Amino acid sequence: MQKEDKLIIGGHEFNSRFILGSGKYSLKLIEAAVKDAGAEIITLAVRRANTKEQENILDYIPKNVTLLPNTSGARNAEEAVRIARLARELGCGDFVKVEIMRDSKYLLPDNYETIKATEILAKEGFVVMPYMYPDLNVARDLVNAGAATIMPLASPIGSNKGLATREFIQILVDEIDLPVIVDAGIGRPSQACEAMEMGAAAIMANTALATAGDLPLMAAAFRQAIEAGRKAYLSGLGRVLTRGASASDPLTGFLHD
Amino acid sequence: MVKINGESFDIAGKTLAEYLASTEYNPMRIAVERNGEIVPKAKYGETVLQEDDVIEVVNFVGGG
Chain X
1 MQKEDKLIIG
11 GHEFNSRFIL
21 GSGKYSLKLI
31 EAAVKDAGAE
41 IITLAVRRAN
51 TKEQENILDY
61 IPKNVTLLPN
71 TSGARNAEEA
81 VRIARLAREL
91 GCGDFVKVEI
101 MRDSKYLLPD
111 NYETIKATEI
121 LAKEGFVVMP
131 YMYPDLNVAR
141 DLVNAGAATI
151 MPLASPIGSN
161 KGLATREFIQ
171 ILVDEIDLPV
181 IVDAGIGRPS
191 QACEAMEMGA
201 AAIMANTALA
211 TAGDLPLMAA
221 AFRQAIEAGR
231 KAYLSGLGRV
241 LTRGASASDP
251 LTGFLHD
Chain E
1 MVKINGESFD
11 IAGKTLAEYL
21 ASTEYNPMRI
31 AVERNGEIVP
41 KAKYGETVLQ
51 EDDVIEVVNF
61 VGGG
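Those sequence lines, one after another, are chains X and E. Using my numbering, you'd call the opening residue of the first sequence number 1 and step up by one each time. Using my numbering, you'd call the opening residue of the second sequence number 1 and step up by one each time.
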């Protein structure tokens, strides 16, 4: 095991490889994610302020957690850039998760507009983390556009269906030098673990925790699964035989000889 | 009229700071856009709202 195994995003170091999406949020979710899952990054959205709502999600998030505003609601690059600038004006740093959707049924990201927004925002000094459909050509364009990570989806947002895009995420891990953070669709710790074994740099989840039976227990399960998958990746997995078997017991000294 | 978050208000001539002081927005938790341009906090006092201005007042909410 390496002594120091940090996740580095845009020059910032993180010990945790779990990112919490706060869409379905409650004080309990945020507490469980930070204490039990070890989250050091939490995403947020930007919306019209409501004068009647006196409580704000920022009141729930510990100060040492890095905020990752997203551009949800954006339907094209221009809207995403506008939301990102407003998020920065809110005064919580330069991180932004670019999220652009034209499709409201499957909530799939628009890769083309995402590349355009990434290029503009990276030039403006943002640490850009684009949410994308796992496509190698798009990932390369995002690297050239100045992305700090790429965030391919595992399956549709909120579906808890797991690694439907496994083979394509593996290609991204193998070919892209930026951290590959698997975002959307991870529903179980075993799926998070598998993604980490494949070489993903981190896992982002919300619904998997928010809809679990026992939140703190599931948060702890995710933490352990992500850590286990990471260690397995760093170790290098054992080999798989194409056929037959390979004895692990001695082949001499049998009692019947 | 001045449009703020989609609602019309008869407040042309007031400054942005005056308008915000008359509301319950938490000034530390909002960002303001006027006709598509961000208004930095330091400029709230000198920003005089004009007839037909479109203002957006935003904050962070839970989101993935």
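These are calculated hints, taken from the structure and not from any lab test. Don't take each hint at face value.
[Claimed, not checked] For lysine-lysine, the following DSBU-like pairs were computed, each having C-alpha atoms within a straight-line distance of at most 30 Å: (1) E:Lys-14 with X:Lys-116; (2) E:Lys-14 with X:Lys-123; (3) X:Lys-63 with E:Lys-41; (4) X:Lys-231 with X:Lys-105; (5) E:Lys-41 with X:Lys-123; (6) E:Lys-3 with X:Lys-63; (7) X:Lys-231 with X:Lys-6.
Values in this document were obtained by computation on a predicted structure and should not be read as measured data.
Here is what the structure says about each hint:
1. E:Lys-14 with X:Lys-116: violated (38 Å)
2. E:Lys-14 with X:Lys-123: violated (36 Å)
3. X:Lys-63 with E:Lys-41: holds (22 Å)
4. X:Lys-231 with X:Lys-105: This hinted pair is violated, its Cα atoms lying about 37 Å apart.
5. E:Lys-41 with X:Lys-123: This hinted pair holds, its Cα atoms lying about 23 Å apart.
6. E:Lys-3 with X:Lys-63: violated (34 Å)
7. X:Lys-231 with X:Lys-6: Within the cut-off at roughly 12 Å; holds.
The structure shown violates the earlier hints numbered 1, 2, 4 and 6.
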